[in-house]
Amino acid sequence: MNTEYTGVIFMYLATIALAIPLGRYIAKVFKGERTWLDFMAPLERLIFKISGIDPNKEMNWKQQLKAFLTINCLWLFYAFFCLLKQSHLPLNPDANPDQTPDLAFNTAISFITNTNLQDYSGESGATYYTQLFVFTFLHFVSAAAGFAAMMIVFKAMKDKVTDKLGNFWDYFVKGITRILLPISFVVAVILAFNGTPTSYKGKDTVITLQGDTVHVSRGPAAGMIAIKQVGTNGGGWFGANSAHPLENPNYLTNIVEDISIILIPIALVFALGFYLNNKKLSWVIFGVMTTGFLIMAITSINAEVGGSDAIAKLGISQTGGAMEGKEVRFGAAASAYWGVTTTVTSNGSVNAMHDSMMPMSGLAQMFDMMINAFYGGVGVGFMNFYIFIIIAVFISGLMVGRTPEFMGRKIEAREMKIASLIALLHPFLILVTTALAAYTLVHFPNINWAEKPSAWLANPSFHGFSEMLYQFTSSSANNGSGYEGLGDNSIFWNVSAGLVMFIGRFLPIIGPVAIAGILANKKFIPESAGTLKTDTATFGIMILAVIFIVAALSFFPALTLGPIAEHVSIK
Amino acid sequence: MKTYILPSIKITLVLLVLLAGLYPLAIAGIGKFTKGNGDGETVEYKGRVVGYANVGQSFTKDKYFWSRPSAAGYKADASSGSNKGPNNPDYLKDVKARIDTFVKHNPDVKKSDIPAELVTASGSGLDPDLSPAGAKVQAARIAKVRNLTLAQVNKLIDGHTEQPLLGLFGPAKVNVLKLNVALDELGK
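As you go down the protein sequences, you meet chains Z and F in turn. So in this note's numbering the end of the first sequence lands on 571, straight run, no missing numbers. So in this note's numbering the end of the second sequence lands on 759, straight run, no missing numbers.
Please keep in mind that the hints were generated in silico from the structure rather than gathered at the bench. Each residue gets a CB set at the ideal place from its N, CA and C atoms; glycine is no exception. Any given hint could turn out to be false.
FRET-style restraints, in silico, Cβ to Cβ [what the hints assert, rightly or not]:
#	chain 1	residue 1	chain 2	residue 2	range
1	Z	Ile50	F	Ala597	15 to 23 Å
2	Z	His215	F	Asp755	50 to 58 Å
3	F	Ala597	Z	Phe428	39 to 47 Å
4	F	Ala714	Z	Tyr5	31 to 39 Å
5	F	Asp671	Z	Leu507	35 to 43 Å
6	F	Ala597	Z	Lys164	36 to 44 Å
7	F	Ala597	Z	Thr531	50 to 58 Å
8	Z	Ile491	F	Asp671	54 to 62 Å
9	F	Leu584	Z	Asn302	46 to 54 Å
10	Z	His215	F	Ala597	25 to 33 Å
Below, in silico cross-link-like pairs of lysine-lysine (BS3-like), each with a Cα-Cα straight-line distance of 25 Å or less [unchecked claim]:
#	chain 1	residue 1	chain 2	residue 2
11	Z	Lys49	F	Lys581
12	F	Lys573	Z	Lys57
13	Z	Lys201	F	Lys606
14	Z	Lys280	Z	Lys522
15	F	Lys573	Z	Lys62
16	Z	Lys201	F	Lys573
17	Z	Lys452	Z	Lys158
18	Z	Lys313	F	Lys682
Derived contacts from chain Z toward chain F, CB cut-off under 7 Å, selection only [said to hold, decoys possible]:
#	residue
19	Ile50
20	Glu123
21	Ile311
22	Met358
Same shape as in the complex, but just chain Z:
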């Protein structure tokens, strides 16, 4: 069998093999059981002591959200001002300039929201200070914050009639010390031994074998790259992200980095089952997510390995598949697989340029982000899925004439209103802003901005429309990958995508936490013959149907104008 396919199959199977024990471990950590990383406890106590936090104080969902939002506001201001003044801060060996206000606005939001859309290039648009003390830091804490928010929902599902949902700071810190930091450390060491730079030295100047002078950007990149994979962040050290040969030097690092993308998101699905003592529910959720994931992965791998029809017409060999925007050391199959893992999980790192991929891959990637719950981001992926569960419970309850209940609590009008609003927010943000961009481009192509709308797109026709649609889809999904041909470092894109990322992050966290908090406070109804069972395959199919109906109905017209039209027009 072709080694490109075996590589991809190995990556997926290895991920599952690691995710199940990791899920069990995560559940143990948050049930307070003993684990082999208990030696981190003194470090945690020190963090809490210096911060003046009592990690054992129970908080209700409103207090948790207040803590979550307060610290996020703080990070936003901190990140914004650091980026704005980065040339005056230490650790800038390459003498890179400050970011402009609109770019700093976009970048700060991008990193606190776990999106990591990058309208700058790492080599010239950031300093070692901002790479480490803004980006690496936010990689950890934004993932841990999403993680903590998810733990609130887990706890609310577990306990009967309570408003005590654990302690936000405890979840947050343990998310870092017990999960993100240890895994990142291992990944970073593997990267370092395979050629990713770790030292603080600036650019090197080399005269090549042929006699050209080149400057080679470097830096303490391995640690940052590890957490950007592990925390579903995606914002890389170098401009080309994990396509860059120092950021992702060989096929082994590619396996490690790609597993890191979906490892925690899948582990969290299993963690839920271990945490609630309901493994069947985990398998149902896993089954639904995996079905969606595999459909997308096979679609994209098929398109990329098959190659480009337009290139085939030029009469050359495409045995390696479509190679524009791809690296030889990964090949077409692993590039397509990465493209799907990174978009299903809100990671957004890339090992090949999505803008140059086949239209069917673009369709798969955008669809992944439009659903945003086939595994999903660290913490937030499950919360998006939770919304789909609530809607599915309600609809199937109505269909069979049973009271909609989930985990022993009645789903009523208030929860349904929140769930529907959150489910509709995503298409609203994506479609309205894309329409606005398209309108601006058509009607004001030469408006007096530094970058005129007429210069936004790198590609004409349907593909150009896809560039805009992709950008807002990625922003709203907090993904961060892009069709990088788009001239996105300009005032329109920096500001609009910044706002979309902000709303697309915080409302979909507040909504599920609120629903879970309200439900936890309701009377517990023991399971009876009249209960709609939620841990069955039938219910899994119901969730899948809800997902496809919600997404297909809202996004299909836009997708038709972009990748589908492009695909059909080739033939």
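For chain Z, the structure is supplied; the task is to place chain F on it using the hints.
What follows is chain F alone, placed relative to chain Z:
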């Protein structure tokens, strides 16, 4: 809100020290024990550093194996792909021009033997590798320019081909810089 502001500030400061200060320093410490000491692995020829093993560089002369086209012009401080869509007419013109150039410099090669990677830009603009086919298709040209036999060149390519990981996973590849250094070391 006030109850949360002070702990937020304090925990942010502590975590900055831990995650942005100590963690990368620890990795840098471990990096000292790697090839290249964490500065990146370099390749030397006649005692001179001629490049980084993992960072592709431009080879356009006929006596060297060409590297892939690069949207970044092999500027290793400005990595980038072309971001051209697969059906962009301007892009397809570029590819066609690259094919014509290749055929001109390699008159013995059939068009249908040119692998796509040799006429398409990589994702990073710094791709250090070619597929074995991408190197072999240039062997006849190299042999002619350097007065070597075709067998000698092919042997060199085979010797520099890195097989898939464990023989099982991923594509085989050839590092263009190392291959060209080996060519120069043949002394012809």
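Broken hints, by number: 2, 5, 8, 16 and 17
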